[in-house]
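Protein chains: 2
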Amino acid sequence: MSSAQPMTPEKYASISPSEFFFKNREIAGFQNPTRALYQTVREFVENAFDATDTHLILPTIRISIQELRDPMIEAEGGREETGKYMVTVEDNGIGIPPHVIPEAFGRVFFSSKYVIRQTRGMYGLGAKMAILYGQTTVGQPVVVYSSTKNSKYVYMRKILIDIKKNQPQILEAAQWKKKGKWHGTRVSISLEGDWRRAKSRILEYIFRTAVISPYAEIIFEDPEGNIHYIPRKTKKMPKPPTETKPHPQGVDIEQLKMLAKATKADTLRTFLMREFQVIGGKTADEFLSRLEKRGIDPRKNPKKLTTEEFEVIYREMKRFKFRAPSAAHLSPIGEELIKIGLKSMYEPEFVSAITRKPSAYAGHAFIVEAGIAYGGKIPSSPQPILLRYANKIPLLYDEGADVSRKVVDSINWKLYKIEFPAPLVVLVHIASTKIPYKGVGKESISDVPEIESEIRNAVQDLARRLRVYLGRKHREYEVRRRITSIAKYLPEIAMSLAILAKPPTKWSPPSDGEEMVFLEKLVNSISKHLGVDKEELMEMIRKVKME
Amino acid sequence: MSSAQPMTPEKYASISPSEFFFKNREIAGFQNPTRALYQTVREFVENAFDATDTHLILPTIRISIQELRDPMIEAEGGREETGKYMVTVEDNGIGIPPHVIPEAFGRVFFSSKYVIRQTRGMYGLGAKMAILYGQTTVGQPVVVYSSTKNSKYVYMRKILIDIKKNQPQILEAAQWKKKGKWHGTRVSISLEGDWRRAKSRILEYIFRTAVISPYAEIIFEDPEGNIHYIPRKTKKMPKPPTETKPHPQGVDIEQLKMLAKATKADTLRTFLMREFQVIGGKTADEFLSRLEKRGIDPRKNPKKLTTEEFEVIYREMKRFKFRAPSAAHLSPIGEELIKIGLKSMYEPEFVSAITRKPSAYAGHAFIVEAGIAYGGKIPSSPQPILLRYANKIPLLYDEGADVSRKVVDSINWKLYKIEFPAPLVVLVHIASTKIPYKGVGKESISDVPEIESEIRNAVQDLARRLRVYLGRKHREYEVRRRITSIAKYLPEIAMSLAILAKPPTKWSPPSDGEEMVFLEKLVNSISKHLGVDKEELMEMIRKVKME
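In order, the protein sequence lines correspond to chains A and B.
Residue numbering for the first sequence follows my numbering, beginning at 1 and increasing consecutively.
Residue numbering for the second sequence follows my numbering, beginning at 1 and increasing consecutively.
Treat the hints with care, since some could be wrong.
Distance condition first, Cα-Cα at most 25 Å in a straight line; then the derived DSS-like pairs of lysine-lysine [to be verified]:
#, chain 1, residue 1, chain 2, residue 2
1, B, K23, A, K23
2, A, K165, B, K417
3, B, K264, A, K165
4, A, K23, B, K199
5, A, K165, B, K181
6, A, K164, B, K434
7, A, K264, A, K113
8, A, K164, B, K23
9, B, K488, B, K417
10, B, K165, B, K11
11, A, K113, B, K164
12, B, K11, A, K11
13, A, K245, B, K113
14, B, K23, A, K264
15, A, K304, B, K158
16, A, K406, B, K113
17, B, K235, B, K181
18, B, K245, A, K11
19, B, K158, A, K165
20, B, K113, B, K304
21, A, K304, B, K165
Because the hints were derived from the structure by calculation, they are not lab data.
Chain A extracted, bound-state conformation (with noise of 0.2 Å):
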């Protein structure tokens, strides 16, 4: 019998959630206090935005960033920056029921995004890193305010969370009765940022929000002490996304078992037809005559299908030709709102935008759609400025690894009548229930063929657009161009005209307005010939004489 030992045996461990996501909070975007900074904005302003329109509340929201102050280093008598700030955002929402916010807050893989739904937010994960983040950093907990609409009482909570138990831990709790009608959520944290390197970044997002969601009120407080107030610009909004059920395609082994087990229904064909969308009687009838082959009975109680079985079902639902998923549930900013937008930001002489009709990838619907801005205050660069977006919030880093990075650069945009550098804008937006993004920062999207044609189709299609109005400004300049110089000369002709008009004996100087009759024959011919009306020629030939 051996008695050595494995050189160096392994040491395995068990580690919670929060200590995982914790650990490796630079995969969420909390790398540094500049991207921690930035991200906690980003993070709160988009639970701020699904708390709001997505329930119909037009938003107002408010975000203040101060910097703490540090007694420690006051005294020793500097000025230094702390480097410690503390974040609050504001919305007039749904507000979180009092006994929903220690774990809302408190505890990773705890939301209320874990549906089939087109939310800013996708994996319940942004606020809780941010609150991490400002634990480890500051050692402060979050505060959260928060209201329903119909609750006669604001809550307050002061939470940490416990990281080995992956547990809210409440250290402080209150109450009290509403005097107005306030309702929405206010939460601030404290943690370690660099507001300095941060800044841009941070106003850039804000003002790109401010781009595709007009009909909300932005009010900013910077730790400079600038208000930066955006006012809403219109009280339209996009209609609402809702829940939807998932479609037959979308679904894996795993998630056929759960929603067997979940059911209320009792035979397969019920069960078809309740939990997935496009499947109705027919369509459950074709597909089950598939399965009814493999030798499963379309009578059978979904609960008793065996592990084979479930196997058979996906397979063939995988192959079945079913009806794309619905996209009635999505919410599509709208070709009206983003053009708005692009306006207001860069006043471009041309603008264009288009939401594309709804497709599908892997079971998920989505929409994409693109808008165009060319020339104005945009200024002119080697490629297009790309204002990237996904379920409406703006994409600001990793814009190499995007898909929409990708297609606009693969675009022969020579054949668009444009020769780089140019002052050329390109938007695009992805609205889906699951939007294929490369990390839980929700930074870049992933190269999914489905939504690579989409974005190519949208945006040649505005290539196109821009195309059109790039030639006629051309045509319509060579024509002004021509006119002028026609319109220079044609009194000194009709002059002439009227003099050679004459007999010979009789060739003198005409007398005043003697050579308008010939004038306006000319006009009459050659307004025709140059497409442009008599008046207005008439009216450039005036012009040109009084310079």
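Given the structure of chain A, go ahead and fit chain B onto it with the hints provided.
Same frame as chain A, but now just chain B:
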């Protein structure tokens, strides 16, 4: 009292870690069958390396991908691709003890990677993601065979992950006496995949892995029945990484609390010296005197520190000048192995490599290494071909978002005599206990300023070496060209001199060899000026004459 309910109450839900990652599998690189097949191979191969070279075992790694046949499809008479594969990876590593197998493969957030050590795996997540993907697309359990070095048994387990509970579910267990001395691990899973699309990436992945592990033997059997055999090229292995203690500037308030809770030290002084790197007696005393000024007693038991005191210690740790973290526990590849790798891959005319001195970011030590290769079999490309590695694993996707691409693109290659298109390869390797990946899919690295600057220095250093080479090559070419043309005319000149040296009356064609005296004189004086050997120049003249 109002009886109205909030318009649309939110549905809150808690999910398990398995459920979270399984719902969001694209963030771990499992967004479609192509990536899933690639990512599965990758995760298992990386675990295989971590189980071998990290423990000073020369790796022999067998990979097999087999297409699974589908009786359903075959019954219909087709021989269409099933899109289902079995992936098996076997190593000769240290093996996994039987009592650990179920959790190591069946529970998300259970792993041997949660220590401070340079490992290929970082998140302890990859194998579980592959298993979850297989389980949800084909429905079969993972099959694990393993034996540790000194065990007399081989253990087999078939495991499914209970996603709702995040627990392993053992479907089958067996063990038998070892006949030989085999130790290691063999893992098989069945999953949906797309070999045709994944093929080039998988082959590239294996190839690039071989480049920086010339000490490994790799056997890969692909679904088409081809065997790719990569022999071991050297028995030299890099010094393995070792586990280390945290650096005081790499911990946050929560980690401080955890360390204080777990320590056996009963004073702050012993706590600091025992639980952290780079703190000896002298540093501890200096640091403690700063704490004393803040009212913290150096003899205080760390278990009795208050939250406020932890915050003060954390702040002071950030501000104190500690020695940089030790890199003794890191395992770079080394210049020699990098050069061997690049030579075997590209047979370039020039190759060079550099291992930079250790550096640190946020309390984590790291080492940047780089290689450069020029010419040979490298295809001429419009930009440098970039080979990215982190902790010895190749990174293939998301190059556009990677800090190395950013650095390589920002270099003005013209300064180094490179005009693109050019046959240039740049290799970058980052070794660290904490690679700042942008996502758990481990494909791109964040632009941490300290790392960016090290990469820049490494690549610029190699670029300078290349410039010297290209400069010399260019000069040599120039010299050769001039010498050749001189060599061509020297005999003529010598002949003329031979004639002119006599008085004009005796001018006549010189007798055979008479000009040689002059030629030698000319060669003597000119060769010095050209920087070339006399004999060599004479040799060239002879050659030119013959032509």
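Checklist entry - Honestly, which of those hints from before does the structure not fit? => result Result: hints 2, 4, 5, 9, 12, 13, 16, 19 and 20 break, sorted rising.
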